[in-house]
Structure formats: C-alpha cells, structure tokens
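Chains as they are written, first to last, in my numbering: chain L, 1 to 547; chain W, 1 to 373; chain U, 1 to 443.
Quick caveat, the hints were computed from the structure, so don't treat them as lab data. Incorrect hints may appear among the rest.
[Said to hold, decoys possible] Covered stretches of chain W, going by a simulated chain U footprint (3 or more residues, C-beta under 8 Å):
{"hint": "1", "segment": "62-72"}
{"hint": "2", "segment": "134-142"}
{"hint": "3", "segment": "153-162"}
{"hint": "4", "segment": "171-185"}
{"hint": "5", "segment": "273-282"}
[Said to hold, decoys possible] Covered stretches of chain L, going by a simulated chain U footprint (3 or more residues, C-beta under 8 Å):
{"hint": "6", "segment": "400-408"}
{"hint": "7", "segment": "509-515"}
{"hint": "8", "segment": "532-539"}
Where a beta carbon is used, it is the ideal one built from N, C-alpha and C, also for glycine.
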Amino acid sequence: MSDRRRRIALLALLGVALAGAPAPSRAQTVDAAPPVAAAADPYAGLTSPHFEAIAAAVGRLGTEGAPQAQAVLRALSAHHLFVAEDGGLYVREGESWTDARTGAPVTSAPAGVRAVRENNRVRGALAQAMAGQALLAGDAAARRDAAARLADHPDPAMLPVVDRALATPHEAGLEAPLRRARAAMLLSPGAPATGEQAQSAAVRVLRDAGGLDARAVLARFAADETAPAEARQAAQSAIVTIDRRIRLWSLAQQVFYGLSLGSVLLLAAMGLAITFGVMGIINMAHGELVMLGAYTTYLTQKTLMAVAPGLAAFSLPLAVPAAFLVCGAAGMLIERGLIRFLYGRPLETLLATWGLSLVLQQAVRSLFGPTNVAVATPGWLAGSFQLGGLTVTLDRFAIMLFAGAVMGAVFLVLRRTALGLQMRAVTQNRRMAALMGIRTARVDALTFGLGSGVAGLAGVAVSQIDNVSPNLGQGYIIDSFLVVVFGGVGNLWGTLAAAMTLGVGGKALEPLVGAVSGKILLLVLVILFIQRHPRGMFPLRGRGVES
Amino acid sequence: MTGEFAFRGVVRTAAAVLVVAALLALGSLLPASNPLSVSPFVVTLAGKYLAYAMLALAVDLVWGFVGILTLGHAAFFALGGYAMGMYLVREIGARGVYGNPDLPDFMVFLSWKSLPWYWWGSDHVLVAAVLVLAVPGALAALFGWLAFRSRVGGVYLSIITQALTYALMLAFFQNGLGFGGNNGLTDFKDVLGFDLHQPGTRAGLLIISALVLAGAMLATRALVGGRFGRLLIAVRDAQSRTRFLGYRPDQVKLLVWVASALIAAVGGALYVLQVGIINPGEFAPANSIESVIWVAVGGRGTLSGAVIGAVLVNLGKTLFTAWLPELWLYGLGALFIATTLFLPQGLVGLGRHINRRRDEVTPEVTRPAGDAA
Amino acid sequence: MTDPTMRFTRRDFARFSLAASAAMLGGSRTLRAAPPSGEPIRIGVLHSLSGTMAISETTLKDVILMLVELQNRKGGVLGRPLEAVVVDPASNWPLFAEKARQLLAVDKVSAAFGCWTSVSRKAVLPVFEELDGILFYPVQYEGQECSRNVFYMGAAPNQQAIPAVDYLLSEDGGGAKRFALVGTDYVYPRTTNQILQSYLKQKGIGDADVMVNYTPFGQSDWQTIVSQIKAFGSAGRKTAVVSTINGDANVPFYKELAAQGISATDIPVMAFSVGEEELAGMDTKPLVGQLAAWNYFESIDTPANQAFIREWHGFTKNPKRTTNDPMEAHYIGFNLWVQAVTKAGTTDHDKVIETMVGLKQPNLTGGVAEVLPNHHITKPVYIGEIQEDGQFNVVWQTPREIPGQAWSPFVPETRNLIGDWRAPIRCGNYDTVKKACLGTRHV
C-alpha cells in the first residue's frame, strides 16, 4: 500500500515537473499554504478546509494519468468525496465506502465525515483537470469538448497534456482546438519561456480563431509588460482584427436578439390578434390566459416528473397541446359565461375582463402561492451553438421556430378550414352569417377559444425564458395590445410585421440609449405612428371594418 | 337631450360632497374626547377619495360625453401631482435629512450638484400652480391634437392612451430624470407655511378639495348641459354626420379632452397634498383602468355617478384591504364583472330605474367593430 | 362621521382582521392561547398580499403570524396575548401610507412589522414619524436613512455589499479585477453601486474596469445585456458581476446567462436580492456556483436554525417551504420588540424606543444581533454559492458580526454623518464635523 502511494507521489512530482513548476501564485498566500507533507501526498490538499489548497490538489491530480487520481476527481465532481476526522479520504458509492487514496473498500463507515469543500475555484480547477483527463482517455466527442474547454480556459499547467495529445495520433477535428489551446496556453501567465517566434505564431493562431475567449487571452498577453514588445504589438493588432470581426457579427447578433424578442411578442399578441383583431373583443384577461398556459406547462412537467421521470425531457411537447386545450377551454368558458352578454359593448368587455384578470390572478395566487414556480428547461433546449460569430441560444431559437409554426397553424385554420370561413363570415357580417345558417354563437365561442388557446401556447414558450408567477400576464398585456394595434387590427400579417418591428427596433435602440430609454422611445414612436396612421401598419380595408 | 333633467343629480351630489366634507372637517377639529370628533385618518382618507373623484369626473367627461375611452388619464393626474410635489419638496428646504437648502434629499443622495433647469421656480407657489395646469394641459393638447386630427378613435385611442401613461411611468421610474425615481417625492412638511401634519391644515385641505370638486362638477355640468353638450353627444354618437353638418369634431374633442386633463391634474395636485407621496406608480396603466371602473360603477355620462363611483369603490377598497386582505381582490374583480353585466348604467342608472325615471338620454354605447349595426 | 360609527368601525376592523388571521391559521389554532389574558396587545403586519410584491412579502406576513402564535403559546407579552392586525397595502405605495396610518391611528398597534421595497418604507416613514409609531423593517436596503421610529433589521450596505465585493476580490472568490454592476433602476441599486464604485476605486480598480447597467423593473429580455457582460469579460482579466437586480427580473437574467453559456466559474454573479425563496422558483441546475451575500442562509446548521425551520414547516404545513434572510430579520426584530416591551413593562412607543438600544438577540445562525444607537443591528455576513438543490453552500463568512452603518462613509455627502438616538445627541443625521444635527432632534 505504501509502495503504491509512493509511486503515486512520484508520478505527481513528475507531473509537477512536467508542468514546468506550478504557477507561483498558487503556492503563496501565507495562512492557507498547504503543509509541506502535501508534496508527498497529492491527496492531502483535498482534506484542507482552504479552497486554495483543495484547488491546488485538484490541479495536481489532473496532470497525472494515474487511474486512482481520475477516480478521485470523478468522485469529487459527483460530490461523493468525503474527509473523515482522521484526515482520511473516502469515496461513497451508495452505502459502501472506499479509501480514496487506494481504492480499497472500507468495511465500516468512517467516522465524522464531511464532504470535501467546494467553491467556484475548486470547481474551475476540477473542470480543468477533468478536461485534461478526457483529452488523454476520453472518446472522440469528450476529447473535442475537452480541447475546446482548455482553449477557452488556458492554463499553462496543462501544456504537457495538450502536447501529449498532439503527439499521439488523433482525428482531424481535434487538431484545430488543440492548436488553439496550445497557443492560448503559451500566451497565458505562467507559460514556459518559448521565445518571441513561438509567441507570435501563437498570436496568429488565436487571431484566426477569433471569438471572445481568444480575445481575452490576447488582451491579457498584450497588457503583460514582461512579454516581448513585438509579440505584444502583434497581439494588439490581432485584437483589433478580432474586434472588427466581432462588431460585424454583432450586427447580425442584434438582429437575432430582435427577432427572438419579436417572436415572443408575436406569440403573446397572436391570441389577441384573434380575439381582439378578428372579434373586436378587448380581452384584458389575455395576459392571464398566457399565465394559465405557463402554469399548465408547470403542472405537466410536475406530473410527468412524478409519473414517468424518464419522459421528463418530453414535458414541453406534451405541454403544448395541454396548454392549448386548457386555455382554449377556459376561453370558451369566459366567452359563454361573460363576454357573450357584452357583444355590442366592446368597451365594457374591457372592464369586465379586467375584473376577470384580477380574479384569475388572485385565484392562481391562492392555488399555487404568490411565489414563482420553477419550470425546468429540458436538456435539449439548454445552451447555445455558434453560427460563425453568431451565438444562437437554443431556447430563443426554439421559440422563434415555435412562433412561426403557431402563426402558420393559425393562418391555416383561418384561411383553409370551414371554421375559419365561418369565423370570418361572422365577424364581417354577423346577421348575414346567421341568415346563411351559421350558428354564430358556436362560432363566437370557438373563435374566442382559439384565441385563448393560442395565448396558452404563448405561455408554454414564455415559461422557458421568464418567471412563472401570478404576475406573469401583466408583463405582456400592454405590449400585446400595442403589437396588434400597431400592426393593424384584424390582420395577422400586420401582427407579425409589428412584432418583428418592435422586437428588432427595441433591440437596436437598447445598446444606443439603454434598455429603459429605448423602451420609452419605442413607445413614443409607436404612439406617433398610430396618430399618423390610425389603422396601423397594415389597415384592413372594406366595409366590414368600422372603428 | 334634456340637460336639466338628466343632471339634476349633479347639484345634489355636489351639495352632498360639500356638506359631508364640512362635517368631517369640523369633526376633526373637535377634541378627541368629544363624541362627534373625527379621526384625522378619516379626514385624510376623505380627501383622497375626493381627489380620486376629480379624476373620475375627468374620465366621465371624455368617456361619457365624447365617447373617448381613455386608459391613460392617470397620467394627467400624476403629472399634476408631480408638479405639486415639486413645490412641496422645495418647501422642505433645509429641513431634509442632509440639511441642503437648495437640493431635495434624493438629489443630494445621488450626488447631484445643482438643480436641473426644469426645477427652477418650483419653490414659488404661483409657478407651481401654473405647472400643475400647464404641463398636463400641454401634454393633453399635443396628444389630442395629433390624435383627433388624424381621427384616431375607438380602441385605437384607448390603446395609445395606455401606451402614453406606460411610457411616462417608465420615464419617471428612471432616477436620471430628476424626480426621485421609484421613490418619487415624499416626506413633505408644509404648504404655504401651514404644517401638513396639523389637523387644521388637513381639515382645510379637505374643504378646499370639496369646493374644487363641487366647482368642477358644476362647471362640467354647464359645459355638457347646454347646446355644447348636445354637440358633444352628436360627436360621440355620430361623428361623421356631425362633421358633414359643418362642425369640427376634432376641435370639439380636443377642447373637452384638454379640459378633462386639467380637471385630472388638479385632482392629482389635491391628492399629493393630502396623501403625502407621489411616485411613478401613479402612472401605472392599472390606475387609469381603475378610474374608468369607478365611472362605470357609478354610472357613465352622469357626472354625479363618477363621483359616487370613485368614493364608493375606494371606500370599499379601504375597508376590504383591511378586513379581508387575502380575498379582497376577488371582490374587486367580481364587482367590475357584475357592474358591467348587471348594471350597465351604473349605480346612478340603477337609482333612476328604481325611481322609474329612466329617461331616453342615458348614454348609448358606440357599436363594436365589425358588428352589423 | 360621528363617534358611534367610529367605534363600530374600529371594532369591526379588529373583529375582521382577527377572523381573517384565525382563518389563515386554521381552525384549531387561535391567536389567543389559554394562559395570557386581558386586553390583547396589537401588532401591525404591513406587507403586500397582492400585486407585484406579494411574491416576496406574503411569506413575511406568515412569519409574523407564526411568531405571534409562538409567543402566545409562551404566555404572550406582559401576560397579555398578542394579536396581529393584517392589512393588504397591495404593492401600492400610497396605500402603504394609508394603511400605516390606519394601523397607528385606528388599530393603535404597539409596533408594526412591514415593508419590503425602499419606496414603501419611504412612503410610510412620515406617517410613523408623525404618529410616533414603531416600524421593524426586515429587508436589506441602501442605507442613508436613520429614523427614530424605524428599526432596520436588514443589512445596510456595509453589511452585505462591501463584504461581498471583498470576497470577489479575494483569491478564493476568483480574484476579480473587473466588475459589472448590473441592477434595476431604483434607489437601492443606484446607491449600492455608488458606494461600490467608490469602494472599488479605493481598491485600485479604475473606472474602465467597472461597467454599470440599469434596467427597468420586470426586465424580461436580457439578451443584449448578457452579451455585453460577456464582451466586457473578454478583456483578459477575471470579471465578476454584482447584481442588484430586483426579484422578478432575476429568473430571466439567470436563464439568459445559462443559455449564453456563462457559468459561475467563468464570470461569477454575486446577487444581493436572490435568496432561497427566489431560487425555489428557478431551475437551479444551470446556476450552480452563482453567489449571494446575506446575513442568513437556510442551510446554516445550528440548533436554533433547525428549530426555526421545523416550526416554520409545521406552521405552513408545507415541509418544502424555504426560509430566508428577511424572515430571520423579522424573527430578530420581533424578539427584540418582545424583550423591549418586557423590559420597559409597557407598550408605550417612546419607552419601547428608548429601551431598544443595546438589547441583544441571538441570531439563528450564531452570533448576536445587538441594537445599535442608530437603530441598525450587528449582523454576520455570509457568502453562499447556489447548489443544485436550491440551497446555498456557505463559502465565506465574516469572522465577527458587523455593525450596521446608517450613513455610508463612501458617499461624500454622508461621510461625516452618524445616527445616534441616545441622549445627548438624539439625532438621526448628526454631522460629526460640524457637531450639529442636520435634521430634527428628538427632545
């Protein structure tokens, strides 16, 4: 056993030597300096109460290939690594314990255990160490991720690992990130002296790679006064090149942000475009229907978690029909129970539905509590991907697609189905439609149900990016009305155009004048626009339309 | 349109407002041991209700008589309030927590060095009085001129009035604007040298509020009662025909719109004097909608209904937020639903119905879009 | 209104609020326990139960009801039962002022526990000063205030913001060299950031390395700002975000951070308004490692805290209800008030206010809260990292309690101000250089 330990210690020393001495800052801070004995026992640092010592130990374990070190790091990242009173390190798997240093099982549970302390510093070191190990031992995908991580978080201590990976045969896709990682490490503080040539070459690699992380490395290098002047100059001009590229892409990025904001507005407003635009009902409870949709998503997710946790990832596709049905039913109930008594008095429906919105809010508050409820983002919607210099966040992208799909579906219903035909007939000339045998009351209920159901769909989307709380609807109601009016009442294309205009316009103004002033400016512009063009961007023409 | 008949209630309501206010004010001056004494709490509340009644009156004037459903009238109310608040803040002078004689506390607090130009002169009561009227009046005139000229009407107008007050709310929330941001203006000490915390001042303010409200009621009644009133109804119910007859509906609307904004602004000024705080929350669209509800509950197009509705709904709010804090929103929501469903003409309409004096001039409502008339 | 009506109203208020409170507690539990007797001592609960702030404040109302019930079980105060008068100011600031006046003038409460936002406190402040009431304010705030009638149980900036930045500057906190100060546009973030900017300058961090951004309330689209933070973080030096974003806007902010791939190990976010209650409404997996600075965390393992949490779960009949920092502040405030009334032997406002200074109440997490002459208290400061289970893992704490400063030494205008409500100064804003009271002294 002690033999083995000695071997590990030796390996650790080797690792340290390979790394070209650990970064000096690591070993210095007086009160937290790990005891001298730690040099012999690479695990000792993990038992320390100081994050610094733990992170240092993790860093050292990461540079060695010993299987036990890997196992310990894996245990640490799964929160399975514990320290006992006597300073022993143990891994817990379910109910069984093993000695972390040796991997030997322990018969009786160690006394007085506490988890190894963790914070961002430790987690950062751990991610780094795990990446190093994945690079040497992982499968192709893991190696690519690891190389990318090392490139974005360059730590010269990992240089030998990268060099070893470069030296062993590897697939073509790995070469570029490894080169990038190596270049970034060479330019980072604590890197071994490689000379100006190598540094300038590294600068070129990073310049061509581009991106914010490369820029960060270059900026740090350019600010380092101990580095050779010429290489620093090269870094400076590389930054300018990268910045120019980022600026160009940022234009596309702003458009993406704008379109994604526009999609949210479109989803929120589309239901209103039906109930208000087509039927002329000022439904102030529209926002609350969106909220109901979001709560339906929450309930669907919760039920699925309880009944079939394996299917939890599909909670959103299931929530879509659920929210549509729940909100559609609620809408029909509202229409039959309240709004049908108020046809011909549009401004009074406003008051009644506002009262209704208060009741709905308070009801949800009583049922689910006043606080936010947590709606999880499924794994397939988390994160983002790069499209050139464009960061496309998956949840926003999905909402854009979803908005397009909902828009298409609504359009089909209105234009291509018998129900749609009847809806348009009733709204254009109710009496004539009735004389033609259309059951106008039924059509009214269905139309309002459709609009409410679409509001529920908006709720599903909103639950992914916003609070789900009783106040959720309030945040969308004014914007929704503005979108519908701005686009032209009764015109779905107008709603689309208005939503996108407001979205892109808002996002274009935001970096210029700030979020608050941008919003105010946009509101004022819309007010002025409507005062010039009272029927919105795309007014409906024809006899049926009277305001 | 038989004006005298329809508005008989206005004089009665105005008189009732004056009498009740006078009784409350007198009662508050009595020593607490006197069985007739009234708590200053009640006096402040009554003052608040009367300020709200001014707002309701303003809403009724445009909604009930010209058919403009405004969802942003609280903007004028709040602007009037801010103008008054600026004066009251300046009155604090060096008695603020930082002891700065020139700058209000919130400016010192954010390290402002000098007073922004739009605060100049706000320490003079006359300037303040002008500002109370001029700022909301000018905004209403500009907004109305643009809107009525292009014949923006119906729900379009409603939505952009809402957007207007929403934009103002966001603007006033900004600390950079120089009106105290989210905290607004508060901690006022006195007005014209009278201590705002003294029962005497409170009673006086209540009396003034009642007088102003009664005056506004009678003035609006005069405005809508005569020949001009018939023109208003014509504009409301058949705008195109009125225009073909040679009238200028846009000018008529603009005049009433601005008059209404001024009434709301004065209400706001009275509100701040008695409630003691003005902040951007007053611009919230919900407040404007609520003021419409007061009118609906009281009875649209009756003037007295607006006042009665404002007082009753707010009284209910005061009582129920204390009695049933968890449930009162259900009640408020149900009240609005019930009013629109069962009391289309509000309490005043109900009263008339009971009195079997339902007359033919109760307001018609404009037809909905797309509905075959 | 004549007197009989008045009395009727008053009695009605009492009856209904009692009935409402009793209904909330459930039939078996009543506010009046058997032992205490006599005229109940009333305390006011001034928290929004509807509107935008209900999300945070409803819990605090429940805490006070629980504390009242516990106290009554222990025999009440001065042998008399406690009775909570609950009102709903509905997140409407003028209504806060009105309700405060009602609690003091009509219900004659001995003390009020309430408010969350600074604006609500500012709205009720003149009322409490005019009617000489007592308000216990439970939330961390921007400081720059020191009223005789308010006891500030939450953290002043020096008890939250400054230690939090110290941690971010330290090696363990990542050794940040660049700071993005992101907040909602209202007084608390403005003042906190002003103080922090001045503090950071002292620490050698220049203006170019500080980014300040304000957003409106309820901001839900953070795409641009998060990408700005990302770009700000690409200057080659460790960057941290200090967030004074108000409750509701936090969820979309963190969601956007996660979506754009910013993790706590890259750019940590230190929040001053995100606690256990807010986390309960979030999917915490992408947030692991993000930071918060508070004076209390539910996860801190002390017997007192365990007992408090047990009691809370029992009272709410919900074993998942979280506890948070403002709840502890109410716990401390309530117990201090009970001590003061017991010591003074009366509920007379003036006497209770005089008695308060110097009283000590053990914190739930260890250490002692002592009422200072400026009506603030001493508090320990903890930095916690968000864990996957929605709780905080304490990674740092101050070695001892920090006394609350009403006036910040980092703001030039208030550098020389102190608050001291003891004789002989008796002043909330005393200029130590001019030796003069800038406001009104209490005589």
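Against the structure, the hints come out as follows:
1. Coverage of the segment 62-72 of chain W by chain U is violated in this model, with 0 residues showing a Cβ closer than 8 Å to a Cβ of that chain against a need of three.
2. Look at the segment 134-142 of chain W against chain U: 0 of its residues bring a Cβ nearer than 8 Å to a Cβ of that chain, fewer than three, so the hint is violated.
3. Given as covered by chain U, the segment 153-162 of chain W fails the check, having 0 residues with a CB less than 8 Å from a CB of that chain where 3 are the minimum.
4. Chain U is given as covering the segment 171-185 of chain W, and this holds because 7 residues of the stretch bring a CB closer than 8 Å to a CB of that chain, at least three being needed.
5. Coverage of a stretch by a chain is defined here by at least three residues with a beta carbon nearer than 8 Å to that chain's beta carbons; for the segment 273-282 of chain W and chain U the count is 6, and the condition holds.
6. Judged by the Cβ-Cβ criterion of 8 Å, the segment 400-408 of chain L is not covered by chain U as claimed, because only 0 of its residues qualify and three are needed.
7. Three residues within the 8 Å Cβ limit are the bar, and the segment 509-515 of chain L against chain U gives 4, so the coverage statement holds.
8. A stretch counts as covered by a chain when three or more of its residues have a beta carbon under 8 Å from one of that chain; for the segment 532-539 of chain L and chain U the count is 0, and the coverage is violated.
Hint check: violations occur at hints 1, 2, 3, 6 and 8; the rest are consistent with the structure.
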